[in-house]
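Enquirer: Chains R and V are the protein sequences, given in the same order. So the first sequence is residues 364 to 675, counted in my numbering. So the second sequence is residues 364 to 675, counted in my numbering.
Derived by calculation from the structure, the hints in this document are not laboratory data. Careful: at least some of the hints might be erroneous.
You can't tell identical chains apart in this list, so a pair holds if it fits in one copy or across any two.
Under the rule of at most 30 Å between Cα atoms (straight-line distance), these lysine-lysine pairs were calculated in the DSSO-like manner [as the list claims (entries may be wrong)]:
1) Lys593 - Lys638
2) Lys514 - Lys504
3) Lys658 - Lys595
In this text, all values refer to a predicted model and were calculated from it rather than measured experimentally.
Protein chains: 2
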Amino acid sequence: MNEFDLIARLTKSLPTDASVLAGPGDDCAVLDVGLGDRVLLFKTDAVVEGIHFQSDADPRQVGHKALARALSDIAAMGGTPSHALVTLALPRKFDAAFIESIYDGMSALARQHHVAIVGGETTTNPERILISIALIGFAPKGKVIHRSGAKPGDAIFVTGELGGSLAGRHLDFEPRLAEARWLAEHFALHSMIDLSDGLAGDLRHILHASRVGAELLSTSIPVSRAAKLKAKEGSSAKPPLLAALTDGEDFELLFTVASQAAVPLLDAWKKHFPKLRLTCIGKILREPGLRLREKTGVRELTAHGYAHFAQS
Amino acid sequence: MNEFDLIARLTKSLPTDASVLAGPGDDCAVLDVGLGDRVLLFKTDAVVEGIHFQSDADPRQVGHKALARALSDIAAMGGTPSHALVTLALPRKFDAAFIESIYDGMSALARQHHVAIVGGETTTNPERILISIALIGFAPKGKVIHRSGAKPGDAIFVTGELGGSLAGRHLDFEPRLAEARWLAEHFALHSMIDLSDGLAGDLRHILHASRVGAELLSTSIPVSRAAKLKAKEGSSAKPPLLAALTDGEDFELLFTVASQAAVPLLDAWKKHFPKLRLTCIGKILREPGLRLREKTGVRELTAHGYAHFAQS
Chain R
364 MNEFDLIARL
374 TKSLPTDASV
384 LAGPGDDCAV
394 LDVGLGDRVL
404 LFKTDAVVEG
414 IHFQSDADPR
424 QVGHKALARA
434 LSDIAAMGGT
444 PSHALVTLAL
454 PRKFDAAFIE
464 SIYDGMSALA
474 RQHHVAIVGG
484 ETTTNPERIL
494 ISIALIGFAP
504 KGKVIHRSGA
514 KPGDAIFVTG
524 ELGGSLAGRH
534 LDFEPRLAEA
544 RWLAEHFALH
554 SMIDLSDGLA
564 GDLRHILHAS
574 RVGAELLSTS
584 IPVSRAAKLK
594 AKEGSSAKPP
604 LLAALTDGED
614 FELLFTVASQ
624 AAVPLLDAWK
634 KHFPKLRLTC
644 IGKILREPGL
654 RLREKTGVRE
664 LTAHGYAHFA
674 QS
Chain V
364 MNEFDLIARL
374 TKSLPTDASV
384 LAGPGDDCAV
394 LDVGLGDRVL
404 LFKTDAVVEG
414 IHFQSDADPR
424 QVGHKALARA
434 LSDIAAMGGT
444 PSHALVTLAL
454 PRKFDAAFIE
464 SIYDGMSALA
474 RQHHVAIVGG
484 ETTTNPERIL
494 ISIALIGFAP
504 KGKVIHRSGA
514 KPGDAIFVTG
524 ELGGSLAGRH
534 LDFEPRLAEA
544 RWLAEHFALH
554 SMIDLSDGLA
564 GDLRHILHAS
574 RVGAELLSTS
584 IPVSRAAKLK
594 AKEGSSAKPP
604 LLAALTDGED
614 FELLFTVASQ
624 AAVPLLDAWK
634 KHFPKLRLTC
644 IGKILREPGL
654 RLREKTGVRE
664 LTAHGYAHFA
674 QS
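Take the sequences, apply the hints, and build the full model.
Expert: Below, the structure is given as structure tokens:
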């Protein structure tokens, strides 16, 4: 049994109630807790030493990444994060200065986004550091962007450039909070997700939740410089396009919008975010499956995203 | 540096704002998020294989304990839990049936307390299972019970019987949610905490937060049958009173109330909760320190609570 099968089994019969507008299967839980025109967003995300960061990583960047990942999930719903709790599981002998630097990195990013760190817990994990962030945030009711709303004909957009994140960007990326909020406020986005598993894998999450398919245009996919450099390293390296499709941890926004909104959206984007690339990479189709249109024809895309344990 | 020193350093300069009514240093964070006459409670708590449960433990009980610990913290503020997220860090080879049973135990307890499990995450922790629960809940504004309100002259109460929890009770205890809510609703409690570190250790948290001292009456302390049985096991066993003072994981409520409320409270308690013992075990004093009044005199209590990584 793989992790996705396990998650499917575990989340099949969880206790729920009418306050739960979205539960397992989206970037965040969406809760109606009596806030009038706002909903509460609720999310946890963990990073583990040796898995999501190496032991010799800059501890400030480790803290930055731990919080940024959770912020990115709030962004993907069009929300605003507000309060975080930090769970720190540590070997019995820990380097206090290293841990303090992790907190410094987290705190700096929290301040930048006006997020209060309101406590947490330290516990023991003998073999390696694990940092789990619990985050709440808010979004205007009716403006939350889910994974499940993609419609046939939608244009598919992605921010930034993809692939090769493990060369460094995964440790210092900026969660796209302002951009996502602006998008949710000004355009009727049909679906959105943040890229953690890789473009192909995360687009599949949207397609699965929305019961649709998609076709991507290979020449449109924005490939990062890091992925291109990496591809030159040797014969065993991934071709840059494959890296852009399947490398994980880009933490860019992937969203869909009705095709008639595509050009106005791109124009407005360039005015508001001139430094961040936004690219239309394909369209949503009625027929299930994910296809890649290349110069030589259209082929089914079977490559999966970066295979790690993913969000439930 | 021990964990308490570390926590003190880490929590010294965290980002905060006016919405944070209580941050690090109480059982839960207390947040004013615009809910009118209610506040939001926010808490995380983790259990780790080999630390908080053994590998051969009943997985349903492991799930029960993981959630019950967090529920107990919401109880200690006089709150009502509402929504939980589950972070499950697993070795790459996991026993799916074991994990499903953990979820069954959690779900059963969640249903009992009308808590929705709204998602979470699975990730990799190669050497052992770690389960972290993030929990939100609510409490009436102005009725939240903090650690910091104990006043000289207060009577000190504890529910249930203490000590010897590791013989089994730590895996199947019932969080005192109904009792705590009833107390908060009907009596002006000055302070409350749930017992996770042991009576002496957790009372010290109240004393420290309230800048007061206390005297306990040794003959009043309710010692559990498990602690008494354990004491008979051999010459190296803890005396039962010491077990009741210092064993961890009782998850009973410890609270203080003005002395004139003590008798009415005890009378009302016996009518509402005839099956759960409530004991007045001592009083709060102006002079700092924790003292134990025994037949032979009063002595300073230097024994600390069960030394594990504790709440920040």
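Enquirer: List, from low to high, the hint numbers that the structure doesn't satisfy.
Expert: Violated: none.
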